[in-house]
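Visitor: Letter by letter, the chains look like this.
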Amino acid sequence: MMLSDRDRDAVRKELEKLSGPVKLIVFSQELAAADLCRQNEQLVNEVAELSDKITVEVLNLAIDRERAEGYGIDQVPAIVVEGARNYGIRFLGIPSGYEFSNLLDSMMVASSGEPALSEATKASLSSLETDVEIKVFSTPT
Amino acid sequence: MRLAQHMAVASDRVTATAIEATEFPDMSRAYRVSAVPKIVINDRVQFEGALPEAQFLEAGLRAASASTAD
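Chains A and B, in that order, give the protein sequences. Quick note on my numbering: the first sequence kicks off at 25 and runs consecutively. Quick note on my numbering: the second sequence kicks off at 30 and runs consecutively.
So that you can see chain B by itself, here it is in the shape it has in the complex:
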């Protein structure tokens, strides 16, 4: 969440939502959360575990360009 929230401050395009998985079982099921942290970007790019800044950014950009292609 740390990187996500800093990215949210860096850009008005970015939002960061931390979700406590056990309090929201329906949402966790819907996003197939089995290990944490699980990161889901634009509901299309997802990964488990912490990533270094450059790779996290890359995942965000990939999600953004996939969303543009719609």
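The following block holds chain A by itself, in its conformation from the complex:
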């Protein structure tokens, strides 16, 4: 178990706010990082059990290469958070600690498709003519 009973109750409550379906696509590869990949899959499955709006698909980085490439994944463990479509939200490494709340938040925004940003920010972003790839490095604590 990755989540304690108390965590599960809190997460279940949080997930009641999901406004639409969310798909978590998990990339694993036993040879690359067996333990981490197993823990990552376990965490995602435990979260998915807490809401019927969540579906999970587990893919293998070495076998499902085209899908991995399509999602921009080349390392494991990884999770892609998809709502009505793929918005380009990815987590590399097990999202624990602070990243776990970001995972939940990303599921909320992917399910609604409505980012909590100012109108000015949304207007600027909608006129982008080049790709903007944001990497956010963090640690579990």
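It should be emphasised that the hints constitute simulated quantities derived from the structure, not laboratory data. None of these values were measured; they are calculated from a predicted model. Even glycine gets a Cβ: it sits at the ideal position worked out from N, Cα and C. A couple of the hints might just be wrong.
Said to hold, decoys possible - List of simulated lysine to any residue pairs, SDA-like, C-alpha gap at most 20 Å:
#: 1; chain 1: A; residue 1: Lys146; chain 2: B; residue 2: Lys67
#: 2; chain 1: A; residue 1: Lys47; chain 2: B; residue 2: Pro81
#: 3; chain 1: B; residue 1: Lys67; chain 2: A; residue 2: Tyr122
#: 4; chain 1: A; residue 1: Lys146; chain 2: B; residue 2: Gln84
Unchecked claim - Computed beta-carbon distance windows for the label pairs:
#: 5; chain 1: A; residue 1: Gly94; chain 2: B; residue 2: Arg73; range: 18 to 26 Å
#: 6; chain 1: A; residue 1: Glu40; chain 2: B; residue 2: Ala64; range: 18 to 26 Å
#: 7; chain 1: B; residue 1: Ser94; chain 2: A; residue 2: Ser142; range: 14 to 22 Å
Unchecked claim - If we take Cβ atoms under 7 Å as the criterion, some of the chain A residues that face chain B in the derived model are:
#: 8; residue: Gln63
#: 9; residue: Glu123
#: 10; residue: Leu141
#: 11; residue: Thr145
#: 12; residue: Lys146
#: 13; residue: Leu152
#: 14; residue: Glu157
Given chain A's structure and the hints, the job is docking chain B onto it.
Guide: Leaving out everything else, chain B in the frame of chain A:
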């Protein structure tokens, strides 16, 4: 990561990748991660620590225009 993932939903041009630094030491070294959160945009604009939305956006736009100049 919160702002980044909301921006990813707001625009098809934007992607947001959260990286657990201790699980990916090679990548963290390559991007010289010494304090977290560290944000790297288009591999050219980088900063440490959380920024308010307007400044985060500005950093993103700066990275985008630098990428266009290539």
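Visitor: Against each hint, give a clear statement of whether it holds in the structure.
Guide: Evaluated hints:
1. A/Lys146 with B/Lys67: Not OK: A/Lys146 and B/Lys67 at ~23 Å, beyond 20 Å, violated.
2. A/Lys47 with B/Pro81: 29 Å, violated
3. B/Lys67 with A/Tyr122: 14 Å, holds
4. A/Lys146 with B/Gln84: 14 Å, holds
5. A/Gly94 with B/Arg73: 18 to 26 Å: 25 Å, holds
6. A/Glu40 with B/Ala64: 18 to 26 Å: 36 Å, violated
7. B/Ser94 with A/Ser142: 14 to 22 Å: With a Cβ separation near 20 Å, B/Ser94 and A/Ser142 satisfy 14 to 22 Å, so the hint holds.
8. Gln63: Since chain B brings no Cβ nearer than about 10 Å to A/Gln63, farther than 7 Å, the hint is violated.
9. Glu123: At about 6 Å, which falls below the 7 Å cut-off, the nearest Cβ of chain B leaves the hint on A/Glu123 intact, so it holds.
10. Leu141: 5 Å, holds
11. Thr145: 5 Å, holds
12. Lys146: Status holds, d = 5 Å.
13. Leu152: 4 Å, holds
14. Glu157: With a closest approach of 5 Å, the A/Glu157 hint holds.
Hint check: violations occur at hints 1, 2, 6 and 8; the rest are consistent with the structure.
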